[in-house]
Structures are given as structure tokens and as C-alpha cells.
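Asker: In case you want the letters, here they are:
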Amino acid sequence: AQKVTQAQTEISVVEKEDVTLDCVYETRDTTYYLFWYKQPPSGELVFLIRRNSFDEQNEISGRYSWNFQKSTSSFNFTITASQVVDSAVYFCALSEARQAGTALIFGKGTTLSVSS
Amino acid sequence: DSGVTQTPKHLITATGQRVTLRCSPRSGDLSVYWYQQSLDQGLQFLIQYYNGEERAKGNILERFSAQQFPDLHSELNLSSLELGDSALYFCASSVAGDRISYNEQFFGPGTRLTVL
Numbered sequence: 003a004q005k006v007t008q009a010q011t012e013i014s015v016v017e018k019e020d021v022t023l024d025c026v027y028e029t030r031d032t033t034y035y036l037f038w039y040k041q042p043p044s045g046e047l048v049f050l051i052r053r054n055s056f057d058e059q060n061e062i063s064g065r066y067s068w069n070f071q072k073s074t075s076s077f078n079f080t081i082t083a084s085q086v087v088d089s090a091v092y093f094c095a096l097s098e099a100r101q102a103g104t105a106l107i108f109g110k111g112t113t114l115s116v117s118s
Numbered sequence: 002d003s004g005v006t007q008t009p010k011h012l013i014t015a016t017g018q019r020v021t022l023r024c025s026p027r028s029g030d031l032s033v034y035w036y037q038q039s040l041d042q043g044l045q046f047l048i049q050y051y052n053g054e055e056r057a058k059g060n061i062l063e064r065f066s067a068q069q070f071p072d073l074h075s076e077l078n079l080s081s082l083e084l085g086d087s088a089l090y091f092c093a094s095s096v097a098g099d100r101i102s103y104n105e106q107f108f109g110p111g112t113r114l115t116v117l
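Going line by line, the protein sequences match chains A and B.
Residue numbers for the first sequence follow this note's numbering, beginning at 3 and rising by one.
Residue numbers for the second sequence follow this note's numbering, beginning at 2 and rising by one.
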């Protein structure tokens with residue numbers, strides 16, 4: 003069965019600290035997609051990144067970086083030099099390519115609070 | 002702004018009633034997805050439509066139904082409402098909707114439903 007686990011429910015950091023949000027997934031499929039979404043206090047869901055199962059290269063986008071490791075079924079997200087505007091709920095999600103549709107299976111989310 | 006619009010933004014109704022939530026996808030997107038976000042269940046996939054046809058079904062109750070119209074907008078109908086149906090309902094859209102040409106989903110701002 004497909005499942006996404008975000009073990010960290012809440013994380014609190016002070017501005018300029020680095021923080022890593024963990025994501026562990028389960029799937030029986032060999033082809034799948036992983037995602038991170040951000041939900042700020044305003045409530046909308048903002049797409050951050052998509053990664054397919056054949057691409058294990060790490061990715062960096064500004065202060066954001068993602069570490070995908072198939073061997074441990076993890077897709078962790080690091081924010082470098084955190085800022086107050088990074089405060090939000092972050093969701094990791096999985097979609098299996100073998101499905102007829104392309105629904106996202108979300109983890110429970112990690113609430114990140116960055117204080118100044 | 003993701004380009005996905007949802008109306009209404011807020012909806013307050015009573016138990017036993019029926020409501021309709023509306024979603025307009027981004028221009029050019031053929032797939033529409035509905036998700037429910039509640040405190041106890043988290044973010045759950047309900048149903049997907051692709052170019053007017055149902056593509057995949059998730060944890061959607063029999064009291065709920067959806068459709069996608071020829072102009073690609075979609076409606077989610079919730080009937081015989083219960084207190085537990087109170088949640089944030091998101092619509093998302095993507096260009097395609099199958100495993101061959103996967104595209105990320107962009108979410109609307111959501112409709113907050115409160116059942117009293």
C-alpha cells in the first residue's frame with residue numbers, strides 16, 4: 003500500500019537556522035512521483051517540487067534543497083537560513099504512475115514555525 | 002495565484018443540507034481533482050476528472066458526487082451533510098491526468114465548509 007509518513011508534527015526554529023523536514027514513503031511501484039507542497043497561514047497549497055523515481059539527483063533552489071534517497075525511501079527537504087516567511091505547514095506527497103489517475107497521497111504535514 | 006479558482010470561499014450550512022462547490026481549472030488544464038482537508042483525516046483525495054470523464058476515485062463518500070462540464074469547470078456536490086463533513090475542500094488541476102504525461106497539480110484557494 004502507498005503511504006507517506008512525516009514523523010515531525012511540529013518544528014520550531016529561530017531565523018537563520020537550517021531546518022530539515024523528513025519524509026518517508028512506501029510504494030510497491032517502481033515508477034512514482036514525489037512532491038513537496040507548502041501551506042502558509044493563508045491556507046492555499048503551493049507547489050514546491052516534483053521528483054520522479056528515476057531521478058535521484060539532489061536539487062537546490064535558492065535556500066531550498068531536496069535529498070531523494072531510494073535506498074531509504076526518503077525525500078527530505080532542507081531550508082537553509084530560515085526566515086519568518088517560511089512559517090507554514092509543509093506536505094510531502096506521492097503519486098504512483100501505475101494508477102489510472104494521478105491522485106496525490108499526502109503525509110500529515112509538518113508545521114514549521116520560524117521566529118525572529 | 003495558481004490560476005485555479007474556487008467558489009464560494011466560505012460556506013456555512015446546516016446538517017442534512019446539500020451544497021455545491023465550484024472549480025475552474027487553469028487555462029489549458031484538462032484534469033480536475035478534488036481533495037478534502039480536515040483536522041482528523043488530513044489531506045485526502047476524493048475524485049479526479051479528465052476531460053469530462055471520471056478518471057480515479059479516492060475516499061469519496063456516496064453522499065458526495067462530482068462532475069466536469071464541457072467547459073472543463075467542475076462541481077462537487079455534497080448532500081445529507083453531517084458535522085464531520087466540515088472541512089477545507091480543495092480543487093486542483095493539471096495539464097494531463099495519466100501516468101504517461103504526468104504534470105504537477107496546482108491547487109485553488111479552497112472552499113471552507115462549516116456544517117452546524
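Honestly, the hints are just simulated from the structure, not real lab data.
Hints should not be assumed to be uniformly reliable.
Said to hold, decoys possible - Simulated crosslink set (EDC-like; lysine to aspartate or glutamate; CA at most 20 Å straight-line): (1) Lys40/A x Glu17/A; (2) Lys10/B x Glu76/B; (3) Lys5/A x Asp24/A; (4) Lys18/A x Asp88/A; (5) Lys5/A x Glu76/B; (6) Lys110/A x Glu98/A; (7) Lys40/A x Glu12/A; (8) Lys58/B x Glu98/A; (9) Lys72/A x Asp57/A; (10) Lys72/A x Glu28/A; (11) Lys40/A x Asp88/A; (12) Lys72/A x Glu98/A; (13) Lys40/A x Glu54/B; (14) Lys110/A x Asp88/A; (15) Lys72/A x Asp88/A; (16) Lys110/A x Asp41/B; (17) Lys10/B x Glu46/A; (18) Lys58/B x Asp31/A; (19) Lys5/A x Glu105/B; (20) Lys40/A x Asp2/B; (21) Lys110/A x Glu17/A; (22) Lys58/B x Glu76/B.
All figures in this text were calculated on a predicted structure; none of them were measured in a lab.
Asker: Are the hints correct? Go through all of them and say.
Answerer: Hints and how they fare:
1. For the hint pairing Lys40/A with Glu17/A, the CA-to-CA distance comes to about 18 Å; that is within 20 Å, so the pair holds.
2. Only pairs whose Cα atoms come within 20 Å are accepted, and Lys10/B paired with Glu76/B is accepted, the gap being roughly 14 Å.
3. At most 20 Å may separate the alpha-carbon atoms for a hinted pair to count; Lys5/A and Asp24/A meet this at roughly 14 Å.
4. A threshold of 20 Å between alpha carbons decides the hint, and for Lys18/A with Asp88/A the separation of about 11 Å falls inside it, so the pair holds.
5. For the proposed pair Lys5/A and Glu76/B, the alpha carbon gap of about 28 Å is over 20 Å, so the pair is violated.
6. About 18 Å separates the Cα atoms of Lys110/A and Glu98/A, which keeps this hinted pair within 20 Å; it holds.
7. Of the pairs offered as hints, the one joining Lys40/A and Glu12/A holds, with about 14 Å between alpha carbons and a cut-off of 20 Å not exceeded.
8. At roughly 14 Å between alpha-carbon atoms, Lys58/B and Glu98/A fall within 20 Å of each other, so this suggested pair holds.
9. Between Lys72/A and Asp57/A the alpha-carbon distance is near 10 Å, which keeps this suggested pair within the 20 Å criterion.
10. At most 20 Å may separate the alpha-carbon atoms for a hinted pair to count; Lys72/A and Glu28/A meet this at roughly 10 Å.
11. Annotation: proposed proximity of Lys40/A to Asp88/A holds, straight-line Cα distance about 9 Å (limit 20 Å).
12. With a C-alpha separation of about 15 Å, the suggested pair Lys72/A and Glu98/A falls inside the 20 Å cut-off, and the hint holds.
13. Simply put, Lys40/A and Glu54/B have alpha-carbon atoms about 29 Å apart, too far for the 20 Å limit, and the pair is violated.
14. Between Lys110/A and Asp88/A the alpha-carbon distance is near 18 Å, which keeps this suggested pair within the 20 Å criterion.
15. As the CA atoms of Lys72/A and Asp88/A are separated by approximately 27 Å, the hinted pair breaks the 20 Å bound.
16. Only pairs whose Cα atoms come within 20 Å are accepted, and Lys110/A paired with Asp41/B is accepted, the gap being roughly 10 Å.
17. Our distance criterion of 20 Å between C-alpha atoms is met by Lys10/B and Glu46/A, whose separation comes to about 11 Å.
18. A hinted pair counts as satisfied when its Cα atoms are at most 20 Å apart, and Lys58/B with Asp31/A qualifies at roughly 19 Å.
19. For the given pair, Lys5/A sits about 19 Å from Glu105/B by alpha-carbon distance, which is consistent with the 20 Å threshold.
20. As the CA atoms of Lys40/A and Asp2/B are separated by approximately 14 Å, the hinted pair is consistent with the 20 Å bound.
21. Simply put, Lys110/A and Glu17/A have alpha-carbon atoms about 24 Å apart, too far for the 20 Å limit, and the pair is violated.
22. Distance check on the hinted pair: Lys58/B and Glu76/B sit about 15 Å apart at the alpha-carbon level, within 20 Å; holds.
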